Amino acid sequence: IWVMIFPMMLGVDFASIRDIGKKPRGLIITLVINWLIKPFTMAAIAVVFFDYLYAGLLPGDDAQQYIAGLILLGAAPCTAMVFVWSQMTKGDPAYTLVQVSVNDLVMIVAFAPIVALLLGVTDIVVPWETLLLSVVLYVVIPLALGAVTRRRVIASHGGDKAAVDAFTATLKPWSVIGLLATVVLLFAFQAETIVSNPLLIVLIAIPIIIQSYGIFAIAYAWAFAWKVPHNIAAPCAMIGTSNFFELAVA
Numbered sequence: 001i002w003v004m005i006f007p008m009m010l011g012v013d014f015a016s017i018r019d020i021g022k023k024p025r026g027l028i029i030t031l032v033i034n035w036l037i038k039p040f041t042m043a044a045i046a047v048v049f050f051d052y053l054y055a056g057l058l059p060g061d062d063a064q065q066y067i068a069g070l071i072l073l074g075a076a077p078c079t080a081m082v083f084v085w086s087q088m089t090k091g092d093p094a095y096t097l098v099q100v101s102v103n104d105l106v107m108i109v110a111f112a113p114i115v116a117l118l119l120g121v122t123d124i125v126v127p128w129e130t131l132l133l134s135v136v137l138y139v140v141i142p143l144a145l146g147a148v149t150r151r152r153v154i155a156s157h158g159g160d161k162a163a164v165d166a167f168t169a170t171l172k173p174w175s176v177i178g179l180l181a182t183v184v185l186l187f188a189f190q191a192e193t194i195v196s197n198p199l200l201i202v203l204i205a206i207p208i209i210i211q212s213y214g215i216f217a218i219a220y221a222w223a224f225a226w227k228v229p230h231n232i233a234a235p236c237a238m239i240g241t242s243n244f245f246e247l248a249v250a
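In my numbering, the protein residues as written are 1 to 250.
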């Protein structure tokens, strides 16, 4: 994951973060989509599919477990992977960083109550240490390394910031390789489960795909209506479309 994120972190210019308050619309869209819309649409879609459309195909207890799993998956926006999506869609790295950071802070206080509400229980145990460790590993450490490297590259080229772009360009292929390797490894470790239950995988994938495309469409259409530029709108929509799967699995 660090291989994916590091080139993105190199592009973060902290001087530009001071001006993000002048462009709050991207943050507003991100927060509303991620915390007031996405968890509830995922829960609704899961219930429709597993309680009604899939009725008779799965045992009742299993269906409820899959609903719970989808709720956990849909209740937290993505963190690390968004930096890659932002880079691939030519997003603003500094604005993306702020969007992700704000969502991480909100996640700490909002994830448990939202999940408890949607699951209908109040004794859910949220692995706080896993959440905090993920934030440190996927955001803080790569950001610090990127900031130090950026400063040294600029200093070694007489203060020319264009040198950072040239250096980052040489690392971009590694970012793509890191993304592909992560996906391959995730599927490799679950190969036996996937191969032995192909129909179940398809049944679970359908509501997730509908949710993903639907949330992206809502977020990007809203950004378009507000005339938010593409380099902010794209990562804004991607944050809601992606999921913090590390937290959901934990």
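What the hints contain is simulated information worked out from the structure, not anything from laboratory work.
Check before you lean on any hint, since a few could be wrong.
[What the hints assert, rightly or not] Only pairs whose alpha carbons sit at most 20 Å apart, straight line, appear in this in silico PhoX-like list of lysine-lysine:
hint, residue 1, residue 2
1, Lys227, Lys161
2, Lys23, Lys90
3, Lys90, Lys227
4, Lys161, Lys172
5, Lys161, Lys22
6, Lys227, Lys172
7, Lys23, Lys227
As the structure is a computational prediction, the values presented were derived from the model and not from experiment.
Right, here's what the structure says about each hint:
no., hint, verdict
1, Lys227 <-> Lys161, "29 Å, violated"
2, Lys23 <-> Lys90, "18 Å, holds"
3, Lys90 <-> Lys227, "17 Å, holds"
4, Lys161 <-> Lys172, "17 Å, holds"
5, Lys161 <-> Lys22, "23 Å, violated"
6, Lys227 <-> Lys172, "29 Å, violated"
7, Lys23 <-> Lys227, "11 Å, holds"
Checked against the numbered hints given earlier, the structure breaks hints 1, 5 and 6 and satisfies all the rest.
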